[in-house]
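Novice: Sequence order for the protein chains is A and B.
For any residue, its number in my numbering is found by taking its place in the first sequence, counting from 1, and adding 1208.
For any residue, its number in my numbering is found by taking its place in the second sequence, counting from 1, and adding 1208.
Please note that a few of the clues may not be correct.
Since the list can't tell identical chains apart, any single copy or any two copies may satisfy a pair.
Stated by the list, open to error - Subject to a maximum C-alpha distance of 27 angstroms in a straight line, what follows is the list of computed DSS-like cross-link-like pairs (lysine-lysine):
#1 K1409 to K1588
#2 K1476 to K1210
#3 K1333 to K1343
#4 K1314 to K1560
#5 K1414 to K1464
#6 K1259 to K1492
#7 K1313 to K1492
#8 K1409 to K1465
Simulated from the structure, these hints should not be mistaken for laboratory data.
Protein chains: 2
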Amino acid sequence: MKILEGKTITDVKGFLANGIYSGVKRSKKLDLCMIYSEYKAKASGTFTQNKAKAAPVTLNQQNIDNENIQAIVVNSGNANACTGENGYNDAVKMTEKVAECLNLKKEEVLVASTGIIGVPLEMDKILPGIEESSKILSADGGENAAKAILTTDTFSKEIAVEFTVGGKVARIAGMAKGSGMIHPNMATMLAFITTDVNISKNLLDKAFKESVASTYNMVSVDGDTSTNDMSIILANGACENEEIISEESADYIEFKKAIEFVNETLAKLIAKDGEGATKLLEVKIKEALTLEDARKCAKSVVSSNLFKCALFGNDANWGRIVCALGYSDANIDMDIIDVFLRNESESIQIVKKGVGINFDEDAAEKLLDSKTVSVVVNLKQGAYEATAWGCDLSFEYVRINGCYRT
Amino acid sequence: MKILEGKTITDVKGFLANGIYSGVKRSKKLDLCMIYSEYKAKASGTFTQNKAKAAPVTLNQQNIDNENIQAIVVNSGNANACTGENGYNDAVKMTEKVAECLNLKKEEVLVASTGIIGVPLEMDKILPGIEESSKILSADGGENAAKAILTTDTFSKEIAVEFTVGGKVARIAGMAKGSGMIHPNMATMLAFITTDVNISKNLLDKAFKESVASTYNMVSVDGDTSTNDMSIILANGACENEEIISEESADYIEFKKAIEFVNETLAKLIAKDGEGATKLLEVKIKEALTLEDARKCAKSVVSSNLFKCALFGNDANWGRIVCALGYSDANIDMDIIDVFLRNESESIQIVKKGVGINFDEDAAEKLLDSKTVSVVVNLKQGAYEATAWGCDLSFEYVRINGCYRT
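Let the sequences and hints guide you as you build the complete structure.
Specialist: Below, the structure is given as structure tokens:
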């Protein structure tokens, strides 16, 4: 598997896309994105577990398992969430309009929205936007598509990889957006993945959903699980490999590795671009009794407001790490754990057998002043590990979310 | 029942206390508190569910059900948490020293600590402090005692009430401290309650523990459950009522009402004085299917970072309230709920049947700019209700916890 620098979702065979300004965002930034597969494609997706589901989530859950999914339309600036029956009807109208323009059935179109909650969609802007967008779909449009799904994000989140299946060169590419209300549960923020691999629907589901659990679901920016989370993959088989149908096959293993890498890369980019974040936090749990224990511990530390503030201030406050492990509800023995702080070049042990040890506080402060900081916890109990990603809690997070009129 | 303005824990018959500076706090503020009952007393307590329990928590859990508890010693500035076996031995030494000075058994003394995690206690300051403190115990010392348990709190938290049991005038008084790492789970921050009521140990436990579940356990400042949470009540029977032994008796009901009021008052003061808080947030859930559903909903909204930021900015962002209800894991129907914002004088409906309604945004902004803001949610499903308390998330919270060297 190799990473394709600078490539995006439209660098996968048979996928066209674009991003335009339809008139919804006050900032006049791109706010409407369309993704289209020239070939019939299978889809798999995961959706928010929040009971307050946005209209597009409800609609997609009905359509995701249809035999063919050939287009996705996404608007940003308005989440079409908590908008009642009218909101649902608007989501349906968006898929109808796409279907009409691209000569598809409306059940072959998925829809996503992100932005403000509770405000009716401006359909008088979105429907003409869809029409315009459908006319300029392009194999160069991936970059604009990735821009058009952003809200408070400060940069586009894209990744593309290439690998071989059944002697054919295959690709997977993805794009995602954060960056607040990020604490996915069995689902994610918005992520859209394209691949030209030919794979059975069952195995596509299996590979994608398993991967989501260890990537997007391990990210937290602020503990708030959104109403609009979704991640979707379209697989159009255009690379012409023989269909992957066995999970024991080398092809499936290669595909799984690639999808895992793509999802993890996007998950980390979302955490890094968390609202107000000055750095990426990575929490690695080692030697846990079960996978669930490892994940609980990792998410508990990565979600701790107090530790996130300490990280913002470059304070090696290990007590807050141990405290968050303690309330994680995981099966752990506090008296045997070790904790380390790491960046790319250094590692400093700060806790040994559950108790703080003497360490060089200045060196730790310097280490914490890195773009990526890892907290490594060894539970010394079992064979499982997990990693979660998040960011620090800064003044800027409060400003973005508290000072809406400035 | 009447509230005794300006009264404190030592205004309950038979209780003496004080607060002194032992030398632990760099700020030179009071940092050692002792509470003493002149009569034998029964105790009840609740303790943190965090697996990383501080030494005093572990020790008190062994002693809380002893027949007689006559003294509590509390130091602030150092939490004696994650300090291993030495920390436990230090906690034992503190009870031994108190016992020696007051002519008690060490098993009749409880101990609490609050402050920085992971630093060994300075016993060379604390033990002489205990000796000094034991010599100046006084019926006027409650006020200093309440000061000596504070850390980042900006004011003392005290309450006293008077009521009648079995023809005798009885009192309950309490003091507590917050104000960060506050998200108690079956326990609390530090709260110490004194009463002169004569009541069976069983009913003391029942009344106190039930009350803790609906008061301290319904507070969240930052979602971080501390290593040191505890709430303790001492009942010395000095008001000479006939022992309360039936939970059907009018006396028990009166006692329960009073303890509920005292605990709720302290819980609200803790929320109001949350780190960086500019206002008190009260979330009332009505007509829930079960008590558990009501509590889950209330705690989910009161803990939402995003809604807390909106509250700081006086933004009536009802979408964040609905979102937090949706991920609360409670059994609710999002399509029928109503949501109101309230302060002392006004009420504004913002959500009807799960959908935002037109409301006067300027009036809502003005309402939110109050010292106490209530969010009232009607789930329209059942007969249960619950209230949770918290505060807004401000720049100051980040400064307090992120800028430790300034």
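Novice: Out of the numbered hints, which ones does the structure contradict?
Specialist: Those not satisfied are hints 1, 4 and 7.
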